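Chemist: Next come the chains, spelled out residue by residue.
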Amino acid sequence: MIALLAIAALAIAYRIKTRRLTRAEGILLAVFAIVYVTIALQMAICDHKAYADMRYWGQGGTVLLGYAAWGLLELGKAWSGKSGLAKCLMPAVTGLFAVYLLVMVFKAQIPGSRRHANMAACDYAVERIRADWQGPTADAGNIFTIGEYHQPNRPVVRAHTARVAYLLGGRKESVLHFGAADLPDYIFEDRRKLKFDGLVRAQDYQLIEEPEFEGRRFAFYRRIGEAGQ
Amino acid sequence: MAEHFARGEWELAYHPRFGVLFPTLCGLTVKAFGVGGDTAVQSVAIGLLALSAIPLWFLTRELFGVTVAWWAVALLLTVNDFTAHAMDGIRDTGKCLGFALVAYGAVVKRPLVLALGMAVLVSLASYLFAVAAVLLLAWWLYLALGERQEQASTRRLGLYGWPLAGFAIGTAAVTYMTHAYTGHWLPAPQYIKLLGAYL
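Heads up: the sequence lines are chains E and Z, in that order.
Under the working numbering, the first residue of the first sequence carries the number 1, and numbering increases by one thereafter.
Under the working numbering, the first residue of the second sequence carries the number 230, and numbering increases by one thereafter.
Calculated directly from the structure, the hints in this document are not laboratory data.
Quantities reported herein were computed from a predicted structural model and do not represent experimental measurements.
We put the CB at the ideal spot given by N, CA and C, even for glycine.
Computed footprint of chain Z on chain E; a stretch qualifies when at least three of its residues, placed anywhere within it, have a C-beta under 8 angstroms from a C-beta of chain Z:
#1 12-25
#2 28-36
#3 47-58
#4 64-77
#5 135-146
#6 149-163
With the C-beta cut set under 8 angstroms, the calculated list includes, among others, these residues of chain E facing chain Z:
#7 M1
#8 L4
#9 I39
#10 Q42
#11 F97
#12 Y100
#13 Y166
Given these sequences and hints, build the entire structure.
Modeler: So this is what it looks like as structure tokens:
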């Protein structure tokens, strides 16, 4: 997305320089500017942050995809005047799009891909935890905070994907919002990304196993003294 | 949340952080088709991304012609950030739809399209309330500055009124929901913290 926004920015600059920018485009660019400035101001005022995940920035760029497409096509046209190879450009790019789409749709099924490993690890974690957990299926009473959605379902799980907790019928941990009330009953996480801290402490957890999926090692922990044992 | 919605467990079907549009669409999908919550969120997220192709195509055709419009749609449907969000079943693809609707509505001066975009944005994510509010004010300012160009008063009323109506419908939905959970008549939970001393 950043690459496309960069291409769009170059296309806009080129259109301004060659005096091709229309009034309607001015309205479009105003919409884009308002969206980004308002999001940035909210982050600064409400969250005291100058940075947010691409999730919060990328979608505003939707309205500039026309510029990115126009820029790419103009580049293709400019190049086609200088190279015979460029005659193959459009079919080649179209073919690449088709391959890319196929990979996107089926990458969970491609052995060796990160998504494939994640899904295999997820299925394994669900099976292991379901067989192990003997505690309650829900906590008594609901906890509500404005900061985080919270369900009473148990077990509480920290995993490489929230899907593990969902498929178990449990809930993912929200230690940051609920503190000790939401300590994970199980941890099933990529070994390299796993971090313990002052609240979720290593000494409170027992390592059950370290299964490997497509070359990635995961760590499976159970909380000591919980109903899973 | 979608499954709680389908079971009528309203307390767990919504949360002020997540707006009303996405949980409602996902909940209705579970209720109508009997699918699981994960299938529902993926379907709705993919559907919202696919729907955003329509206003983007019309917007780009208006500015650059049909060929560029098709390429813009191809980019939209293959950008990794968007497709990953769709596959993960998160509401962010709805923002593509909202922004594309607002941009198209503003560029071609179609107040109903603008209204729909406003309603989508406000009801989708709490931080988009302020974005939509500023967009609405900017739209009114733009109309006021170019007032002489619009002769028919009925059309002028529609240009001002419909976007406001879309914004108001979205605001009413999120404000009602925020009040139900927090007791504050505010459109988004972050304003509770921001206006804490005055509430």
